[in-house]
Amino acid sequence: MARISFDNVSKLYGSVTALNELSLDIENGEFLVLVGPSGCGKSTALRLLAGLEEVSAGRISIGDRTVNDINAKDRDLAMVFQSYALYPHMSVYDNIAFGLKLRKLPKAEIAERVNEAARILGIEELLKRKPRQLSGGQRQRVALGRAIVRQPAAFLLDEPLSNLDAKLRVQTRAELAKLHERLGATFIYVTHDQVEAMTMASRIAVLDEGVLQQTGTPAELYAKPRNLFVAGFIGSPAMNLIRAQTERTEEGFYLCAEALRLRLSADTGAALAAWGGPEVIFGIRPEDIHDPRYPRADVEPSNLECSVDVVEKMGSETYLHLRVGSAQIVARVDPRSEAKAGESFTAAVDLKNLHFFDPATEQAISVTNG
Amino acid sequence: MAMTDDVERPTLAAAPGSPRQRRRLRLERLPLHVAVIGLALLWSIPTIALVVSSFRTPEEIAGSGWWNAIKTPFDWTFANYDAVLSQRGLARAFLNSIIITVPASAITILVAAFAAYAFAWMRFPGRNLLLLVLVGLLVVPVQMTLIPVLRLYVALSVDVEIPLLGGKLFGTSSYPGIWLAHGAFGLPFAVYLLRNFFGGLPRDLIEAALLDGASDMQVFFRIVLPLSVPALAALAIFDFLWTWNDLLVALVFLGDPNLAPMTLRIANLVSSFGASYQVLTAAAFVSMAVPLVVFFALQRYFVQGILAGSVKG
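Residue numbers (this note's numbering), protein chains in the order written: chain A, 2 to 371; chain B, 606 to 918.
In short, the hints are calculated from the structure, not lab data. A portion of the hints provided could be inaccurate.
Short derived list, chain A residues pointing at chain B, Cβ under 10 Å [unchecked claim]: (1) R48; (2) D70; (3) I71; (4) L87; (5) A148; (6) Q152; (7) C257.
We treat Cβ as the ideally placed atom computed from N, Cα and C, and that holds for glycine.
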């Protein structure tokens, strides 16, 4: 077990920069999720750490050891691949024991560790089978078992759930979180799925175009996205982002965009005025837009006139796709809502939780809401 | 991919449901089967003729067509084989063929497998250029290289007799010399074939093994080789046949008639016993028998090799 750190690490493929000056410290025992859209450099970061690719610039260290020039086999890391990468000619037992056999551990200890891992993962009865005789979920467990027996400094997981079906994915997500707790080991997990990141991570690092955008706990990232990309990426359905102008009248501060006109609190207005330019991008999460018939007790809503495009009933909640002028926004409302597609609708917007971004730099503008 | 706990079953042999459907399918495939069987028979006729003739007396061969012998199978004679193996020195030639072919093929396959692994999975400067040059060698005809290599062999000759095997330690008329020649001539194709196969193995597997703590050598022996049995078997068959059937390289590099393989000895039989048709047929069949055994021994893997990847695994 050890602390892992990326220190200004870059990776170039020819003239293409896959990873740009990544600096990131991963504490011992953390469940860190690297998340971002495909091509954002998250897998590259993982492969650099694993030693499967060479660092172009910067330093990667595990504990107090710089590992830039250390071979993959000597880094003491275990990796679970998206394809599981089980050795097809070996039995499940031999797959799991492979790393231990290479380290020339005594046979009895190998057997003990393999059986222990199999017990944790519930695959004891599969040990004699070949990988081709296993289902996807079972293969995934074997791949995990192969990592567990090694008792490595850290577990690297490269989209391990993406080959599973939706139901199994949810189940395995919970099991992985449990496994992390049980082993107390460092997990570094790569995914493009922000739901996986939000549900499992103790900390998330969001990457885009090879650049680290923000790190923080899931709650921090959700509540205070540092820039437009993180705001749009974290959360499902995504945050509604609308370009608007701030207007100051005698009655107070307003946020205006075509048909939209929202009155801001004096504090927020003052903060925006202090920031500068009239043009901003404001963001509002779908759950902060309500059906006024079913208001939340703590909300002091501001009304917004719009029309309903689509109604998606999820059972526990309902998504309304609303149109305000040319802007389209999504609201997550009470399932009892009777809004119908094609009709007009007055949405109740909770102005306490607005997010503002500079349209030029796409960075968040700090306003104290409330 | 099945998500249940059910074992995935290969679907290759799955027959359609009802007997009627099966009958229809069989009828539809009839012309194909007739054509394939017809072609196979047509191609086998010379071989069958050769085998049958090798069991006939010279008078019979001269007197009637080979197919007449099938009518009276008990009339066959082993005299030709006796003559060939005991009197014409073909037994020694047969042994020579084995002495030449087995090590030569082994050298080719082993060196090619190492090289192919390096070309497919190791990073070193000039890798692609080197591979390009090697594959480029495929277009160089063997004939072009014979004289320069022969001169080199004469210059590097080591005139020490090898005990038991016979022949010199190196140079012309030496087994190691011809092993090396065959090995080198076979290498470009062998490397090319194996590199493509090794390169087609999933990258994740190799990387998983590296992260499990395997060195390149361990990856090669424990992962790549066991997964490449079909390709290795195919290459073994090809290379064995080429070396076994080779006349040219043996003719150039083996001056000593005591070291000559079957092909060379049979060629000599043709010139000296051109009229003894029956002896030649027996000799030719002896020469054919070994490749056939090799092929049938390895064909299980060979067929697997052709099918590899066609079934989701």
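Each hint, compared with the structure:
no.: 1; hint: R48; in the structure: holds (8 Å)
no.: 2; hint: D70; in the structure: violated (14 Å)
no.: 3; hint: I71; in the structure: violated (12 Å)
no.: 4; hint: L87; in the structure: holds (8 Å)
no.: 5; hint: A148; in the structure: holds (9 Å)
no.: 6; hint: Q152; in the structure: violated (12 Å)
no.: 7; hint: C257; in the structure: violated (51 Å)
Hints 2, 3, 6 and 7 from the earlier list are contradicted by this structure; the remaining hints agree with it.
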